[in-house]
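Here's the letter readout for the chains.
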Amino acid sequence: MSIKTGVPLLLSGNEAVAYGALAAGAKFYGGYPITPSTEIAEVMAAELPRIGGKFIQMEDEIASLGAVIGASIAGLKSFTATSGPGFSLMQEHIGFAAMAEVPCVIVDVMRGGPSTGLPTKTSQSDVMQAKYGSHGDYPSIAIAPSSVMECFTLTVKAFNLSEKYRIPVIILSDEIVGHMREKVILPGPDEIEVIDRMQPEVPPEWYQHYADTITGVSPMANFGEGYRFHITGLTHDVSGFPTERSDETTALLEKFRNKENHNTHDLLMVDEFCMEDADFCIVAYGSVGRSARQAVKMLRQEGVKAGMIRPQILWPFPKFPVENMLERVSHVLVPEMNVGQLRKEVERLACMPRGMIQGLNVLDPSFITAEQIHDKAMEMISKQK
Amino acid sequence: MVPNQQLLSKSPAVHNWLRVKKKFPHLWCPGCGDGIVLSSAILALDSLEYDKNDVVMVSGIGCAGRIPVYVDCNTLHTTHGRALTFATGIKLAKPHLKVMVFMGDGDALAIGGNHYIHAARRNIDLTVVVVNNNIYGMTGGQVSPTTPLSMKATTAIYGCIEQPFDPCELARSAGATFVARSTVYHVRHTEDMIRKGLEHKGFSLIEIISNCHTSYGRMNKLGDHITMIKHMRDNSVMIGPQLDQEKAQAEGKYILGVLHQDTSRPELCELYEEINKRGGTQ
Numbered sequence: 003m004s005i006k007t008g009v010p011l012l013l014s015g016n017e018a019v020a021y022g023a024l025a026a027g028a029k030f031y032g033g034y035p036i037t038p039s040t041e042i043a044e045v046m047a048a049e050l051p052r053i054g055g056k057f058i059q060m061e062d063e064i065a066s067l068g069a070v071i072g073a074s075i076a077g078l079k080s081f082t083a084t085s086g087p088g089f090s091l092m093q094e095h096i097g098f099a100a101m102a103e104v105p106c107v108i109v110d111v112m113r114g115g116p117s118t119g120l121p122t123k124t125s126q127s128d129v130m131q132a133k134y135g136s137h138g139d140y141p142s143i144a145i146a147p148s149s150v151m152e153c154f155t156l157t158v159k160a161f162n163l164s165e166k167y168r169i170p171v172i173i174l175s176d177e178i179v180g181h182m183r184e185k186v187i188l189p190g191p192d193e194i195e196v197i198d199r200m201q202p203e204v205p206p207e208w209y210q211h212y213a214d215t216i217t218g219v220s221p222m223a224n225f226g227e228g229y230r231f232h233i234t235g236l237t238h239d240v241s242g243f244p245t246e247r248s249d250e251t252t253a254l255l256e257k258f259r260n261k262e263n264h265n266t267h268d269l270l271m272v273d274e275f276c277m278e279d280a281d282f283c284i285v286a287y288g289s290v291g292r293s294a295r296q297a298v299k300m301l302r303q304e305g306v307k308a309g310m311i312r313p314q315i316l317w318p319f320p321k322f323p324v325e326n327m328l329e330r331v332s333h334v335l336v337p338e339m340n341v342g343q344l345r346k347e348v349e350r351l352a353c354m355p356r357g358m359i360q361g362l363n364v365l366d367p368s369f370i371t372a373e374q375i376h377d378k379a380m381e382m383i384s385k386q387k
Numbered sequence: 170m171v172p173n174q175q176l177l178s179k180s181p182a183v184h185n186w187l188r189v190k191k192k193f194p195h196l197w198c199p200g201c202g203d204g205i206v207l208s209s210a211i212l213a214l215d216s217l218e219y220d221k222n223d224v225v226m227v228s229g230i231g232c233a234g235r236i237p238v239y240v241d242c243n244t245l246h247t248t249h250g251r252a253l254t255f256a257t258g259i260k261l262a263k264p265h266l267k268v269m270v271f272m273g274d275g276d277a278l279a280i281g282g283n284h285y286i287h288a289a290r291r292n293i294d295l296t297v298v299v300v301n302n303n304i305y306g307m308t309g310g311q312v313s314p315t316t317p318l319s320m321k322a323t324t325a326i327y328g329c330i331e332q333p334f335d336p337c338e339l340a341r342s343a344g345a346t347f348v349a350r351s352t353v354y355h356v357r358h359t360e361d362m363i364r365k366g367l368e369h370k371g372f373s374l375i376e377i378i379s380n381c382h383t384s385y386g387r388m389n390k391l392g393d394h395i396t397m398i399k400h401m402r403d404n405s406v407m408i409g410p411q412l413d414q415e416k417a418q419a420e421g422k423y424i425l426g427v428l429h430q431d432t433s434r435p436e437l438c439e440l441y442e443e444i445n446k447r448g449g450t451q
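Going down the list, the sequences are from chains A and B.
Sequential numbering from 3 applies to the first sequence in this note's numbering.
Sequential numbering from 170 applies to the second sequence in this note's numbering.
Simulated from the structure, these hints should not be mistaken for lab results.
C-beta atoms are modelled at their ideal positions from N, C-alpha and C, and glycine is treated no differently.
Don't take every hint at face value.
Said to hold, decoys possible - Here are the simulated DSBU-like pairs of lysine-lysine, each with C-alpha atoms no more than 35 Å apart in a straight line: (1) B/191 x A/166; (2) B/446 x A/6; (3) A/346 x A/166; (4) A/166 x A/133; (5) B/446 x A/29; (6) B/221 x A/257; (7) A/166 x B/221; (8) A/321 x A/185; (9) A/29 x B/221; (10) A/257 x B/267; (11) A/321 x A/378; (12) B/365 x A/29; (13) A/185 x A/385; (14) A/166 x B/192; (15) A/378 x A/307; (16) A/6 x A/257; (17) A/166 x B/267; (18) B/192 x A/257; (19) B/267 x A/185; (20) B/190 x A/166; (21) B/191 x A/257; (22) A/321 x A/123; (23) B/190 x A/257; (24) B/370 x B/446; (25) A/29 x B/370; (26) A/166 x B/446; (27) A/29 x B/267.
What the hints assert, rightly or not - So the derived list for chain A, only partly shown, Cβ under 7 Å to chain B, looks like this: (28) 65; (29) 228; (30) 232.
Turn these sequences into a full structure, and let the hints guide you.
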């Protein structure tokens, strides 16, 4: 990595994602230019050739993720970065990567939508697409960084989870996080945990690409290393060949579901702020989490016992901490730069009276400020009185 | 009847390269040309003495997309039209692998048209076999980008009114450095074209004219598979200095052979290796 570690640097979120990917061992990037994610491609185009890796600009985002999956099947840690319109195009291959259990990372630097929308303005409106964007039932992991440092550390985390669970992992950054600059001190290679995909320990003739294991994750051989096997987007059996047998098709979808259900603690990453005695909880993520933190401080100064839950892993949704919080607090506010995509997820877990969970949904292309969150919170409290 | 000695002597190769115990019977209609393409590809690979561990077969969706599943090598059955994108990633990641791509005409030229021209433009070392049966076979006979004018399909019941693509011309003008055509009648020639494509360093396109008597033949009253394959025999000419190409085209003949080869253009992975060797210096 041609960037210094252990010393203060001024980096943008997008640059930090790129260096995080390199620190995690990324060797392949396939992408297509799109605002506001392009800086990630530009850093990778410069850095990958220096370390023997490969960068390619493909003809569209469908092709980008296709090349990324191909390179990952051949054994390289691979990723791509895009924004809303490109993320929509990638859904086809996100489904393929989930079905074929190919590790890869997709960075979505969210911008205003739908369609071409607001290319240079921020948004959080891809939250549900990150979970349900491709057809069929498949497991999803999505990670939402809210600072430049998190862009680095959570990108490493994304690669690790992807390799560990053989699953596409989505980084839901946004225009503000991607383009803001902050002082960071990057950790050296010794300070970073890097996980590589589990390799098979059986001879090739015994190898099953989708073997059923206790952990729900099968060891993965790479193409060209003596293990000859078949990969398909069709529903397949443990050896990878297409099947329509009901016991085998059910087992495959169960296996996908178990990746989430059997690993809830490993897939839980939540930042809790002032939640010990909180009676008013703000659930926020990504760039809005920064304003929410400030709003909690302002509310506390006025005597409101406010706290914040900030999911860093957004999908799977952090069910247990949120359920636990819902039993303790009297109000929940979910500020989001969309019409309430994550609020509905909170509401699903709640048994609270109507109006106790509210959203602050800012749809203009500006930012949600701490003052807006503070004022909304005060309004909710005063209405109850 | 005396068995064909040449075929017999070659059958161990086919047997060796097939997933004999795992994957048969195959799913193609009796008489389908896909099996001929499969055996030709295997014979070509075997004659070049490639290691099965170094061969990757990638395919898209459709009847031709099922070719790799029967072959005992590294096989990847991808999404509709996108096989070339996956193949591009594999080849860049491990340039020593021999990467073959199998697609049908709809797969390669309709939904995959963009990837087709860009892979050819890049001159990445892929051996691409397009099995052209002028129809969407797997979905039951819909019009494709190579369905000739006035021919019928379930979605062109009054006859096709769209100008078809010529896969070879398209690849050549997009920058492919090896372009060849054969038919499933010309079995040994098909094998030879695939072999030459595999030996060529760069993007190789081999179009193989095939028969879909089940859909295309039935709808257009072209007869059974044997009649359709005989039609290929009677309407093909080999390219050569003596051939009047314009006249042959005007007569609706298939022009077979190596239509284009350019060994002067560098291949993408080789260019990339040079950048890697320079270690990122300008």
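Hints versus structure:
1. B/191 x A/166: 29 Å, holds
2. B/446 x A/6: 23 Å, holds
3. A/346 x A/166: 30 Å, holds
4. A/166 x A/133: Given pair residue 166 of chain A, residue 133 of chain A holds - Cα atoms ~19 Å apart, limit 35 Å.
5. B/446 x A/29: 15 Å, holds
6. B/221 x A/257: With Cα atoms ~31 Å apart, residue 221 of chain B and residue 257 of chain A stay inside 35 Å; holds.
7. A/166 x B/221: 29 Å, holds
8. A/321 x A/185: 33 Å, holds
9. A/29 x B/221: 26 Å, holds
10. A/257 x B/267: 33 Å, holds
11. A/321 x A/378: 25 Å, holds
12. B/365 x A/29: Cα-Cα ~32 Å, so holds.
13. A/185 x A/385: Violated: residue 185 of chain A and residue 385 of chain A sit about 41 Å apart, past 35 Å.
14. A/166 x B/192: Holds, at roughly 30 Å.
15. A/378 x A/307: OK: residue 378 of chain A and residue 307 of chain A at ~15 Å, within 35 Å.
16. A/6 x A/257: Judged against 35 Å, a Cα distance of about 42 Å means the pair is violated.
17. A/166 x B/267: 29 Å, holds
18. B/192 x A/257: The given pair, whose Cα atoms are some 24 Å apart, holds under the 35 Å limit.
19. B/267 x A/185: 46 Å, violated
20. B/190 x A/166: This hinted pair holds, its Cα atoms lying about 32 Å apart.
21. B/191 x A/257: With Cα atoms ~23 Å apart, residue 191 of chain B and residue 257 of chain A stay inside 35 Å; holds.
22. A/321 x A/123: 30 Å, holds
23. B/190 x A/257: 27 Å, holds
24. B/370 x B/446: 20 Å, holds
25. A/29 x B/370: 24 Å, holds
26. A/166 x B/446: 31 Å, holds
27. A/29 x B/267: Holds, because 21 Å separates the two Cα atoms, which is no more than 35 Å.
28. 65: This hint holds: residue 65 of chain A lies near chain B, its Cβ roughly 4 Å from the closest one there, short of 7 Å.
29. 228: Hint on residue 228 of chain A: holds, closest Cβ of chain B at ~5 Å, below 7 Å.
30. 232: 5 Å, holds
In this structure, the hints that do not hold are numbers 13, 16, 19, in rising order.
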